[in-house]
Amino acid sequence: MSKVFGLRTLRLISNDTSKSRKFLQELFEIQPIEVQQNFVSFLIGNSILDICLEDYKNPSSSGGTIGYWQVEDLEFFIQKARKLGGEVFRGPLEVKETNTKIVQIKDPCGSVIGLEQTL
Numbered sequence: 008m009s010k011v012f013g014l015r016t017l018r019l020i021s022n023d024t025s026k027s028r029k030f031l032q033e034l035f036e037i038q039p040i041e042v043q044q045n046f047v048s049f050l051i052g053n054s055i056l057d058i059c060l061e062d063y064k065n066p067s068s069s070g071g072t073i074g075y076w077q078v079e080d081l082e083f084f085i086q087k088a089r090k091l092g093g094e095v096f097r098g099p100l101e102v103k104e105t106n107t108k109i110v111q112i113k114d115p116c117g118s119v120i121g122l123e124q125t126l
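Everything in the sequence shown is counted per the working numbering, starting at 8 for the first residue and increasing by one.
Derived by calculation from the structure, the hints in this document are not laboratory data.
There could be a bad hint or two in this list.
Stated by the list, open to error - The calculated DSS-like cross-link candidates involving lysine-lysine, where the alpha carbons are at most 25 Å apart (straight line), are:
1) K113 to K103
2) K108 to K90
3) K87 to K29
4) K26 to K90
5) K113 to K26
6) K113 to K87
7) K29 to K90
8) K64 to K26
9) K90 to K113
10) K87 to K108
11) K26 to K87
Let the hints inform the model, and build the full structure from the sequences given.
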């Protein structure tokens, strides 16, 4: 049997990779590790967040799988996202089973990321 190590890369599909890049750079105060014309990649902790331009196989959408980034202060990031042109898409919600509080944030291009804080 082979071992699974965990989630390494999450890929967001955007209709404007430059706008999504700027939003995430400013929200998380990080620099990309790779930039191409229609693609950008960030290293956040031990995980990689890619942003790709939508195409016929991968249209941008606010549905589907949502990755949640663990943060120290959820309210801080909610307010910062709003100042940067993002909006709360769902939540904040307390999840008693995991002792966390979560929120989904939609960036100015419609891509959705999750944020999670341990209570």
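Now the hints, each set against the structure:
no.: 1; hint: K113 to K103; in the structure: holds (24 Å)
no.: 2; hint: K108 to K90; in the structure: holds (21 Å)
no.: 3; hint: K87 to K29; in the structure: holds (13 Å)
no.: 4; hint: K26 to K90; in the structure: holds (14 Å)
no.: 5; hint: K113 to K26; in the structure: holds (12 Å)
no.: 6; hint: K113 to K87; in the structure: holds (12 Å)
no.: 7; hint: K29 to K90; in the structure: holds (13 Å)
no.: 8; hint: K64 to K26; in the structure: holds (21 Å)
no.: 9; hint: K90 to K113; in the structure: holds (13 Å)
no.: 10; hint: K87 to K108; in the structure: holds (17 Å)
no.: 11; hint: K26 to K87; in the structure: holds (16 Å)
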